[in-house]
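For reference, the chains in residue letters:
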Amino acid sequence: MRAGYYGDYGGRFVPEILHATFEELTGAFEAARVDPGFWAEYRAVMGEYSGRPTPLTYAGNLTRHLGGARIYVKREDLNHTGAHKANNVMGQGLLARRMGKSRVIAETGAGQHGVATATMAARFGFRCTIYMGEKDVQRQRPNVFWMEQLGAEVVPVQSGGRILKDAINEAFRDWVSHMEDTHYVLGTACGPHPFPAMVVWFQSIIGEEARLQILEREGRPPDRVYACVGGGSNALGIFSGFLDDPVELVGAEAGGRGLETGLHAARLASARGVPGVAQGYKTYFLQDPDGQMLETHSVAAGLDYIGVSPILADLYERGRVRFDAVTDDEVVEALSLTVRTEGLIPALESAHAFALAFREIPRFPEDAVVIINQSGRGDKDIFTVADALGDLKWRDFIRRKAEGYRA
Amino acid sequence: MLETLLRQRLEEKDLLVMAHLVAGYPSFPEGLRLIEAMVAAGVDMVEIQIPFSEPLADGPVIARANQKALERGATVGQCLDFAAEAAQAFDIPFLVMTYYNIPYRYGLEAFAEALRARGLKGAILPDLPVEEGSACFGALRRRGLSPIVLFSPLTSPERMRTLAGAADGFVYCVARKGVTGAVTCFDNGLAAYLTRCREATRLPLAVGFGLKDREDIGFLRGRAEIAVVGSELMRCMERGGPEDARRFLEELR
Numbered sequence: 001m002r003a004g005y006y007g008d009y010g011g012r013f014v015p016e017i018l019h020a021t022f023e024e025l026t027g028a029f030e031a032a033r034v035d036p037g038f039w040a041e042y043r044a045v046m047g048e049y050s051g052r053p054t055p056l057t058y059a060g061n062l063t064r065h066l067g068g069a070r071i072y073v074k075r076e077d078l079n080h081t082g083a084h085k086a087n088n089v090m091g092q093g094l095l096a097r098r099m100g101k102s103r104v105i106a107e108t109g110a111g112q113h114g115v116a117t118a119t120m121a122a123r124f125g126f127r128c129t130i131y132m133g134e135k136d137v138q139r140q141r142p143n144v145f146w147m148e149q150l151g152a153e154v155v156p157v158q159s160g161g162r163i164l165k166d167a168i169n170e171a172f173r174d175w176v177s178h179m180e181d182t183h184y185v186l187g188t189a190c191g192p193h194p195f196p197a198m199v200v201w202f203q204s205i206i207g208e209e210a211r212l213q214i215l216e217r218e219g220r221p222p223d224r225v226y227a228c229v230g231g232g233s234n235a236l237g238i239f240s241g242f243l244d245d246p247v248e249l250v251g252a253e254a255g256g257r258g259l260e261t262g263l264h265a266a267r268l269a270s271a272r273g274v275p276g277v278a279q280g281y282k283t284y285f286l287q288d289p290d291g292q293m294l295e296t297h298s299v300a301a302g303l304d305y306i307g308v309s310p311i312l313a314d315l316y317e318r319g320r321v322r323f324d325a326v327t328d329d330e331v332v333e334a335l336s337l338t339v340r341t342e343g344l345i346p347a348l349e350s351a352h353a354f355a356l357a358f359r360e361i362p363r364f365p366e367d368a369v370v371i372i373n374q375s376g377r378g379d380k381d382i383f384t385v386a387d388a389l390g391d392l393k394w395r396d397f398i399r400r401k402a403e404g405y406r407a
Numbered sequence: 001m002l003e004t005l006l007r008q009r010l011e012e013k014d015l016l017v018m019a020h021l022v023a024g025y026p027s028f029p030e031g032l033r034l035i036e037a038m039v040a041a042g043v044d045m046v047e048i049q050i051p052f053s054e055p056l057a058d059g060p061v062i063a064r065a066n067q068k069a070l071e072r073g074a075t076v077g078q079c080l081d082f083a084a085e086a087a088q089a090f091d092i093p094f095l096v097m098t099y100y101n102i103p104y105r106y107g108l109e110a111f112a113e114a115l116r117a118r119g120l121k122g123a124i125l126p127d128l129p130v131e132e133g134s135a136c137f138g139a140l141r142r143r144g145l146s147p148i149v150l151f152s153p154l155t156s157p158e159r160m161r162t163l164a165g166a167a168d169g170f171v172y173c174v175a176r177k178g179v180t181g182a183v184t185c186f187d188n189g190l191a192a193y194l195t196r197c198r199e200a201t202r203l204p205l206a207v208g209f210g211l212k213d214r215e216d217i218g219f220l221r222g223r224a225e226i227a228v229v230g231s232e233l234m235r236c237m238e239r240g241g242p243e244d245a246r247r248f249l250e251e252l253r
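Protein chains in written order, with this note's numbering: chain A, 1 to 407; chain B, 1 to 253.
FYI, nobody ran anything at the bench for these hints, they're computed from the structure. One should not assume that every hint holds.
Said to hold, decoys possible - Ranges between beta-carbon positions, derived for each pair:
1. B:L10 <-> A:R33: 49 to 57 Å
2. B:G73 <-> A:W394: 53 to 61 Å
3. B:G73 <-> A:S336: 53 to 61 Å
To be verified - In silico negatives: residues of chain B with every beta carbon more than 12 Å from chain A:
4. E11
5. E30
6. E54
7. A63
8. R64
9. A74
10. A89
11. N101
12. I102
13. R159
14. R198
15. E232
16. P242
As the list claims (entries may be wrong) - Residues of chain B placed beyond 12 Å of chain A at every Cβ, according to the derived structure:
17. D127
18. E132
19. K177
Ideal Cβ placement from N, Cα and C applies to all residues, glycine included.
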């Protein structure tokens, strides 16, 4: 197997100018990976600063309501900055410091990765620039606000569809001009080698903890693990703990307005994604017959992405991970149910995992056990969710607030 | 073969000019008028970019042209036919520049065959490193087409020699870090880099990224064989159509 390949997927398709940078990064990552001191430092930072280990919460009310398997929720929302993104970002921050970099850049869709990167930069003293599609800047203003307060420069990307993939292109363009002092903190398990391996390594802390926690609670691994899949970092993080167990691993993709409408981001579940090479790696992309990437849609900005981790593409082909899609409507419904029955507020991204689990759990025997990865918390989505629910009191509040600013 | 054509041309001129345009931008007919103006201004070779939705190595001017061409419905088939029309109408070498996903989806052998059948001389694929490129490079070479290899200022001398082993036609030396269309310093650093390039290969050297005036071209004389103009040419074309592009190219000489 060639380095950086997972079956037929992965690789490193970058302009020659980035060759030396990727060699440097790969070297630093390989050295850190075999250095027990590095992982110990990483765990210490995650414990002291991010609040790990995150709990595994038994969702008794949902379990009774759905009448199937016992449901556990892995609480990545309780990480500092509110999502699993912290795991990857703090790890890459430690690596960037080891490489002597003074500046970090990142792309962000929903904004969680941007906030996490800006937080890490503030903590480690890096200068920080965040690229974000203009469309995502519009729908995720609270996260933009915090990135700026944290001292990051947020650059709205006007090119392409003005979403996550365009922010990635722009971050690469920045990197090719500033690689001596800059590390690109790629946000998910995609991109050129070694990013997929590196991001999954840092995110594997989710699966490592979840496995220990479920063994302690149930005395055995779960029957199924559900996670949402944009790029795939939270999914691979939790799945990696159970790859060697007889556990069914299920990825929930963004079905958007329905697979038949074409307005979705379901690369694998729709059977519309086909292998291709873009953004520096080979995987399944939503693309037209000419190889041009298609526009994607999801109510969750973080899932609105054309590609999927090459590691997941391989696990999909090998039948190790099953993929299905849920629609925006199902997601909002699942979110409401989770909020009302458990007092948990998953991010719209994570709510995809809940929605798919809820669809399937009633058919499970009662002694079955499932884990749902709550990759992030939902308060960032208040505007989107309030709109989706048509909440009149919220609308009234925003109207009054706007009038207050006008006066 | 491309190298032979270039060597013949270099017997008459000490520095050749390769111009860049994006197929389908602003439109196919305007593109042909632009090529006509380029040829009239003495351009020696043209790289026709097949637009891609994720043009990672391109700066804002060319990235926007890619996007506009696609919004206006340009397909790969139309772009190839456009290139064929140009190659038939003008007696200079035409190359295709695009990103790897385009030939990959088209089928590597079919794509190479399409270039050969249309009279094109080679392909520049900036996101296809030689480590990943053997199938594509082989498909091109078997048809007498040149896969163009790129050097960058950060390419080590050892790596330059490795890349040179896979190179054909000429070597494209990226003048600086960064994407197309930003400022390049034509200074001692660039001169030393071009010396390293020269030591690594006997193929003609083309220098691109950031060329914008006569002084830049003057700097390259004696240091390289081909000057590549892209973004600045496109800016001129956007300002005043093919006529301005022609004036710009004539002033370069």
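We went through each hint and held it up to the structure:
no.: 1; hint: B:L10 <-> A:R33: 49 to 57 Å; verdict: 50 Å, holds
no.: 2; hint: B:G73 <-> A:W394: 53 to 61 Å; verdict: 41 Å, violated
no.: 3; hint: B:G73 <-> A:S336: 53 to 61 Å; verdict: 42 Å, violated
no.: 4; hint: E11; verdict: 30 Å, holds
no.: 5; hint: E30; verdict: 21 Å, holds
no.: 6; hint: E54; verdict: 5 Å, violated
no.: 7; hint: A63; verdict: 6 Å, violated
no.: 8; hint: R64; verdict: 7 Å, violated
no.: 9; hint: A74; verdict: 9 Å, violated
no.: 10; hint: A89; verdict: 25 Å, holds
no.: 11; hint: N101; verdict: 4 Å, violated
no.: 12; hint: I102; verdict: 5 Å, violated
no.: 13; hint: R159; verdict: 7 Å, violated
no.: 14; hint: R198; verdict: 17 Å, holds
no.: 15; hint: E232; verdict: 18 Å, holds
no.: 16; hint: P242; verdict: 26 Å, holds
no.: 17; hint: D127; verdict: 5 Å, violated
no.: 18; hint: E132; verdict: 6 Å, violated
no.: 19; hint: K177; verdict: 5 Å, violated
Going down the numbered hints, you'll see the structure goes against 2, 3, 6, 7, 8, 9, 11, 12, 13, 17, 18, 19, while the others check out.
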